[in-house]
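Q: Quick note, the sequences are listed as chains P and C, same order.
So for the first sequence, my numbering puts the first residue at 1; every next one is plus one.
So for the second sequence, my numbering puts the first residue at 1; every next one is plus one.
For the record, the hints were derived by calculation from the structure and aren't laboratory data.
As the structure is a prediction and not an experimental result, all values here were calculated from the model.
Incorrect hints may appear among the rest.
[Said to hold, decoys possible] With a cut-off of at most 30 Å between alpha-carbon atoms, the simulated DSSO-like pairs for lysine-lysine come out as follows: (1) LYS8/C - LYS380/C; (2) LYS17/P - LYS435/C; (3) LYS384/P - LYS435/C.
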Amino acid sequence: MKFLKNIFEKTGKLVEKGKPLSWAYPIWEAADTIFFSTDSQTKSGPHIRDNMDIKRTMFFVVIALIPCYIFGAYNIGYLYSNALNIDSSFIPSFLFGLKYVLPILITTFVAGAICELSFAIIRKHEVNEGFLVSCALIPLTLPPTVPLWQVFIGTAFGIIIGKEIFGGVGTNIFNPALTARAFMYFAFPTKMSGDKIWAIGVDGYSAATALSVPANPKNYDTASNLFSNITQFDFSNMNLFWGLIPGSIGETNKLLIILGGLFLIYCGIASWRIMLSSIVGLILTATILNLLAPFSTNAMLTITPLQHLLIGSFLFGIVFMATEPVTSSHTNRGRWIYGFFIGFLTVIIRSINPAYPEGVMLAILIMNMFAPLIDYYIIQSNIKMRLGRNA
Amino acid sequence: MKKIKIKKGHDINIAGKARIDSISEKFPETVSISPVEFNYIKPKLLIEEGQSIRIGEPIFYDKNNPSVKWPSLASGVIERIEFGERRAILNIITRIDYESEKIQTSSTTNLSSREEVINFLLDKNLFPFIQMRPFDMVANPAEKPKSIIVSFANTAPLGTDFNFSLSGEKKYITEGLKNLKHLTDGKIYVAVNSSQFDFVDDLEFVEKIFVEGPHPSGNIGVILNHVDPINNKDIIWTIKPQHLVILGKAFSYGIYDFKTTINLAGPGVKNPSYISSRLGANINNLCKDDLVDSSLRIISGDVLTGKHTSIENFIGFYHSSISVILESFNRPFIGWLHPGGKSKYSVFNAYFGTNTKPFEFTTLQNGSHRALVPIDSWEKVFPMNIYINALVRSIEAGDFEEMEKLGIYECSEEDVALCSFVCPSKTDVAGIIRKGLNMIYLDK
Numbered sequence: 001m002k003f004l005k006n007i008f009e010k011t012g013k014l015v016e017k018g019k020p021l022s023w024a025y026p027i028w029e030a031a032d033t034i035f036f037s038t039d040s041q042t043k044s045g046p047h048i049r050d051n052m053d054i055k056r057t058m059f060f061v062v063i064a065l066i067p068c069y070i071f072g073a074y075n076i077g078y079l080y081s082n083a084l085n086i087d088s089s090f091i092p093s094f095l096f097g098l099k100y101v102l103p104i105l106i107t108t109f110v111a112g113a114i115c116e117l118s119f120a121i122i123r124k125h126e127v128n129e130g131f132l133v134s135c136a137l138i139p140l141t142l143p144p145t146v147p148l149w150q151v152f153i154g155t156a157f158g159i160i161i162g163k164e165i166f167g168g169v170g171t172n173i174f175n176p177a178l179t180a181r182a183f184m185y186f187a188f189p190t191k192m193s194g195d196k197i198w199a200i201g202v203d204g205y206s207a208a209t210a211l212s213v214p215a216n217p218k219n220y221d222t223a224s225n226l227f228s229n230i231t232q233f234d235f236s237n238m239n240l241f242w243g244l245i246p247g248s249i250g251e252t253n254k255l256l257i258i259l260g261g262l263f264l265i266y267c268g269i270a271s272w273r274i275m276l277s278s279i280v281g282l283i284l285t286a287t288i289l290n291l292l293a294p295f296s297t298n299a300m301l302t303i304t305p306l307q308h309l310l311i312g313s314f315l316f317g318i319v320f321m322a323t324e325p326v327t328s329s330h331t332n333r334g335r336w337i338y339g340f341f342i343g344f345l346t347v348i349i350r351s352i353n354p355a356y357p358e359g360v361m362l363a364i365l366i367m368n369m370f371a372p373l374i375d376y377y378i379i380q381s382n383i384k385m386r387l388g389r390n391a
Numbered sequence: 001m002k003k004i005k006i007k008k009g010h011d012i013n014i015a016g017k018a019r020i021d022s023i024s025e026k027f028p029e030t031v032s033i034s035p036v037e038f039n040y041i042k043p044k045l046l047i048e049e050g051q052s053i054r055i056g057e058p059i060f061y062d063k064n065n066p067s068v069k070w071p072s073l074a075s076g077v078i079e080r081i082e083f084g085e086r087r088a089i090l091n092i093i094t095r096i097d098y099e100s101e102k103i104q105t106s107s108t109t110n111l112s113s114r115e116e117v118i119n120f121l122l123d124k125n126l127f128p129f130i131q132m133r134p135f136d137m138v139a140n141p142a143e144k145p146k147s148i149i150v151s152f153a154n155t156a157p158l159g160t161d162f163n164f165s166l167s168g169e170k171k172y173i174t175e176g177l178k179n180l181k182h183l184t185d186g187k188i189y190v191a192v193n194s195s196q197f198d199f200v201d202d203l204e205f206v207e208k209i210f211v212e213g214p215h216p217s218g219n220i221g222v223i224l225n226h227v228d229p230i231n232n233k234d235i236i237w238t239i240k241p242q243h244l245v246i247l248g249k250a251f252s253y254g255i256y257d258f259k260t261t262i263n264l265a266g267p268g269v270k271n272p273s274y275i276s277s278r279l280g281a282n283i284n285n286l287c288k289d290d291l292v293d294s295s296l297r298i299i300s301g302d303v304l305t306g307k308h309t310s311i312e313n314f315i316g317f318y319h320s321s322i323s324v325i326l327e328s329f330n331r332p333f334i335g336w337l338h339p340g341g342k343s344k345y346s347v348f349n350a351y352f353g354t355n356t357k358p359f360e361f362t363t364l365q366n367g368s369h370r371a372l373v374p375i376d377s378w379e380k381v382f383p384m385n386i387y388i389n390a391l392v393r394s395i396e397a398g399d400f401e402e403m404e405k406l407g408i409y410e411c412s413e414e415d416v417a418l419c420s421f422v423c424p425s426k427t428d429v430a431g432i433i434r435k436g437l438n439m440i441y442l443d444k
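Produce the complete structure using the sequences and hints provided.
A: This is the structure:
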């Protein structure tokens, strides 16, 4: 401990103001405070401060994601052993999956750190621990088979275009993790969609997700056989909930996502308003489409609200992506509207355009874009109230 | 009578609350008045070092408003005038001569109009006791306030319990309120925590307000936001409870009595207690034997809004308490992973087993400054109908019009101090609000 402290004290002198290495101060500060809590003092009032800081806030989001990682790795191994009819117990499956998850995770962190640190130096802003969350989120939204160079480019794109060019954390418009995923989805479509990528298997092994099934209509006409006529997987609600099915690494087990969400709500980090209103928006929209289904040949309209909740990344998106505090609405009333439209748009994109498999990513990005506008109108109503008092 | 119930906010459970049983008396050797404490004034001295002065005699005036003069807080000799950067007057220190101070001729006056009350306060050099909102500055006698408010409900952490410290002052409070009523055509509000200051009920010209709920429910800004919001160009006058007593004595007998009860509290105090002393008293005289043996930060005022001062310094003009906390430069290994327990305090549910016992806060900021991440923390402790996040952003952008529209006039540092306290990004919200007010004031 003392050894570490000495290292930081010595290197700290090199990055002081006026020294040739002073440009590296943000990096030194970030590293130093990871190992030893800062001894920054309060200056003027308030003279005392709460023990919560951004490091812990961001770290808690990462904690909430860890179960998804563990399950994601296990799921990769499980699906593989099922395809090959070999032992599918937890430890070997998990270790098998880890071989795929870990490289992706390391790649995102390396790419994220390079971008964040270089911008911290160039723009002279603090290294914000938020990038750790973005980097932890990206692998969970990807298929396990994704090539690492694509992960690297995608992450860099997400951090730079999604965040840094807008001025870094606090002023960005789009969720960096989702920006990265959207970029990869459109730039490398063959590696990000289809039915060959969602599980590791032998060559040409086909493992469609629940959402890519309706996109390739074969012989279904109602919701009841929408999911039942698929290759080897049973997309019953129970299976969709427990998540031993093909999908992006982190989104399949809904229980762990719900637990993660409850944890973040309990800690006061994520907004329950956004999560709740997204679900309300999704259920309402899906119900309305169910009612319209008899008048249409689009089988997607028959998907029930519960199925909508469970298939795809909807829950993962609203728990970890939509609640990103900077890019969501900043007002509580705005958060209700913002969340509601995420639910609404997700169902609309899924149902009206079945060729496009997952709606939640675009729904959140679209609402990221509209969040400032929603806030603007909410704040205008407050301003109008105040002006009315003056009159 | 009105009732306000505040839900948003937080009562910080800080150790070292002063006992409410007895008040010990201490006689300081020196007192000081510090012109830098008063926002936006340009002080011009009327005395010089070594000069004898009598209590209440003018000591300096405001060049912006020459009719407003500040009284000497004691009879004695001006011992020293301390200057800071750019000749800012930091302290005007008077060595007290208790004998000569006793001689004061009392007279009774009967004031019946606004003009008479204003002239009385100006003649007696007592006008600086009246502050105004917005801007938190000494009121301008030429302006007429929309209303006047006094808040006896002090919800600040380790704040003075006025129900205790002013318990014998019923007569002077009544007299003070009666005369202040002439100053406005509007209402005079008196805010209390429930079932205190019953005698105010009998004053039919007073609108009593019961406030309930956690800090900052007792703050003037919060109360006004609920009952009588400050609109553009509105002016509201306020007076501190302890000053109301001083004015009450002056109204009653025409004498100066700057005795006041001070609350000495905080984790750095051995025996937190109430002390009867006087305005601007030397802090050393008040608490030299009561402090724990450690590196300390002495704060004139409460821990949220007080001023960082030192033991040789003096208690602030508007302050009724001294808070002492321990300085800490402790750097725990991987502190952000800490599970919780007795060494942590947080309004977030981010640690195990915290906030149960009175907590010994230190001067640690508990985190580095980071870009603003709006996780709804400010809004949880800010009970006003104002979008504080948008307001702060408009101030940072220097958008005057937007600041006004978003209600900056209703805010003061003390109302947003809890936002700074909880902010995980360690943003100085109070400092930003003051910056916004300064920008608007200096632009006028």
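Q: For every hint, state whether the structure bears it out.
A: Each hint, compared with the structure:
1. LYS8/C - LYS380/C: This hinted pair holds, its Cα atoms lying about 5 Å apart.
2. LYS17/P - LYS435/C: Holds. LYS17/P to LYS435/C sits at ~26 Å (cutoff 30 Å).
3. LYS384/P - LYS435/C: holds, 24 Å
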